[in-house]
Amino acid sequence: MEHHNDYHFSFFRPTTPNARRNRNIIVQFFLIWAVSIFGFQILLKVLEKPTPEASYFVYKEYWAETEKDKPDTGALRALGHTVLSVLGKMDIQPEYRDALDNGLSWITWSIADSTQREVLMEKVREFEAITAATDNIMAPSYLAKKEEVASLLAIILKLGPQDIRRDISPLSIHSYDFEEFGQEPREKLTQAMDLYLIHNQSILTDFSFLGFPFHYFYTAVFLLILFVGLCLLYCIRTDMFHRKYGIAD
Amino acid sequence: MKKVLFPLFLLSLPLLANAATASPQLEGSFKVGPAIILIAVLVLFIVVGIVFRARDTTDFYAAGRGISRVGSGMAIASNWMSAASFLGMAALMYGSGYHGLAYVIGWTGGYVLLLILMAGQIRRYGKYTAADFIGDRYYSSGMRAFGAVFAILISIAYCVGQFGGIGLMFKWVMGMNYTWSVIIGGGVVLFYTLISGMLGATKNMQIQYIIIILSFLIPLFVLTAKFDYLWVVPQIGYGSTVSDIVNGLPVNQAEELRNSLGHQFAIVPSPEFAMPWDPPTGMTFFQWVAIAFSLMIGTAGLPHVIQRFYVVPKARDARWSVVWGLFFICILYWSAPAYAAFGKILSAHPEVGKLAKDAIVVYTAQLGDVHPLIVGFLAAGAVSAAFSTVSGLLVAGSSAFAHDLYVKVINPAASPKVQLRMARAATILMSVIVTFLALQNFALIGQLVAVAFSLAGCTIFPLFLLGIWWSGSNKQGAIAGLATGGLVAGIAITYFVAGKSGLQLPYHHFVSYWLEAWYFAWIGAPLAILVNIIVSRFTKETPVEIRKFLVEEVHSL
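Chains as they are written, first to last, in my numbering: chain R, 1 to 249; chain P, 1001 to 1557.
Just so you know, these hints were derived from the structure itself, not from any lab.
Be aware that a few hints might be false.
Counterexamples of contact, computed for chain P against chain R with all Cβ distances above 10 Å [claimed, not checked]:
(1) Val1043
(2) Ser1140
(3) Ile1433
(4) Phe1436
(5) Leu1439
(6) Gly1499
(7) Lys1548
With a Cα cut of at most 27 Å, we get these calculated DSSO-like pairs of lysine-lysine [stated by the list, open to error]:
(8) Lys1314(P) / Lys1540(P)
(9) Lys1540(P) / Lys244(R)
(10) Lys188(R) / Lys1127(P)
(11) Lys1127(P) / Lys1500(P)
All C-beta atoms in this analysis are idealised placements derived from N, C-alpha and C, irrespective of residue type, glycine included.
Please model the complete structure; the sequences and the hints are all you need to start from.
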């Protein structure tokens, strides 16, 4: 028997009422799928606003002090804290890390008085020597020397015992960086602050749901639940559709 | 089977006990416990393969078409969950935060497309391989050959990341360098594939799924409990970790908690981990969307995934097996981001140094002071995930060569013995090529696997989509579409390899950004579809018998 349409078939031009119903089911599920994935990401993009971290405002307020002949020590100390806030992040590009290390070392040296400078130079050089000599970060001699430097830096930079930056500060202080903070590292440091302390945030990222930032929960958890749910519903609906219209499988 | 495994278990007990007391170290030494667990798991797969081996050709290619929906779902999940899922996803999120979620969404959302657009129809069409379908639907042995060639290329691209993952885990277990780990790991997986092949493949896949998922979840329960979050559902419990990373975790809130290197669980505020396309990650909104889209259509175009729908008895079973398969897959995909978040806090201290991102799942468990044997089981799970996928892909690739190319195109008179010899030769050759490529260390595992998805999305996906849903798509249109998709893929991969080799081709930055190797399908697939439609419109229409088959058999509503 010849088909009325000479067996021409396409998704957009179904040849039977049942094929049309089936097409409509597919279109519905496809739209839910597409809007839930890409619609949400577009919404995130539309609503996003570059939002600085608290440290960024401190950095902006006090950065000019570094250009002065006699900078204010309080301002430099606050700057040191912001530099450490960036150094505590992971995956800092090496070029920026070098500039940040240089900046922190110079700031620390600038704040320290002459007595502190003498001790600082001695302790940091000893720590550099032991760091070069061992790979074992759990060795007692390494830990003891690191703690000596950390204690001294905590006094100079006024870092409390509960401040995580106290623990990481010895790793970014270098004796060769104390007295020189040139134009190039200065520029790199300002670029690093702009890059690492400003983030794309919005109302969707700022409120939390089940402990997650909402947008993260939506993408990492909810969308996967939705995918399984869509597949389940599609199968149930297709089964019902086939039963209702007596379509053989 | 019990007779074989029980003495092995008894023999290994003293060594396992010794391994359990070993001091924690991230790299460097031969790890006895994990090595024994790894060997035991591989022996188990071979034994299961022999017990449930295929008995004839139908059994070999399509597992007798007697697999239940849940069983088929587990097989789909096991086949799917490779080193990219097990190791690669956490690595991508660990390295680039929210950007990595594009891979999670891409590798799961594609199943919705696959279900609503293809699963039932593919089963109704009733072929054995993707090349079979292409050759038949486009009434061309040439197209069958090209389909087979692309299936082989996709298998090779997919395997490169897997070999990288196997190499990393062998490196971790054996304490040797990466090059030797890849060569030895590649040799073991080749040996495993040659002796087990598709023997009992579907049954093996179900067992592999259980081992993979248990090995992934057990350390996660332990880690979530250590972090003092909701350990019963770690997939939700880790949410607070993400917020802690964003807002910072002060020392006084985690004073008693230390990683295995003695560092406190503390981190400075790091919103870049969770904020979308954050500048420090170097990733953009376009890249997020392009990756998710390319992976989704790639999912619906992967030959070894499509092939799974031929092993179920009916189209309805094909649909339901997707539901089960996706559910089983999502159990792992809900969990992988948790490893990235825990890993971020556990390795936040600069002293931990740069860790190989692709091994972050294992390092996270180690840094979290999880029992060494559980970490060993985790590493064995990673190798199992890679092995199950690699052996499936090598068999699919070698079948495409022996069945679709050699017998159907080159030498139709070949005896089964010659066919088997060709399949084995193809398996060995593919392994050698994959080992060579894996040693180049081009990119992260997840990114390397994404290349295979983009390739499938540009080439196989358009042929299936139009082949099923438009009777007007003809041989000429298919050839033109495939050539277009292949050209886009060729340009993208050429620029990628040149870039990695230090060569700067013209418009390097432009092409590298818009046609990056892991998302070129965002434009390649639509172009291939468009060209297919245009050429089909202006050339001789599809023969009536094909159109009749599509209307009466595939869309008989």
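Hint check:
no., hint, verdict
1, Val1043, "holds, 34 Å"
2, Ser1140, "holds, 19 Å"
3, Ile1433, "holds, 33 Å"
4, Phe1436, "holds, 30 Å"
5, Leu1439, "holds, 25 Å"
6, Gly1499, "holds, 19 Å"
7, Lys1548, "violated, 5 Å"
8, Lys1314(P) / Lys1540(P), "violated, 34 Å"
9, Lys1540(P) / Lys244(R), "violated, 39 Å"
10, Lys188(R) / Lys1127(P), "violated, 60 Å"
11, Lys1127(P) / Lys1500(P), "violated, 39 Å"
The structure does not agree with the numbered hints 7, 8, 9, 10, 11 stated previously, though it agrees with the rest.
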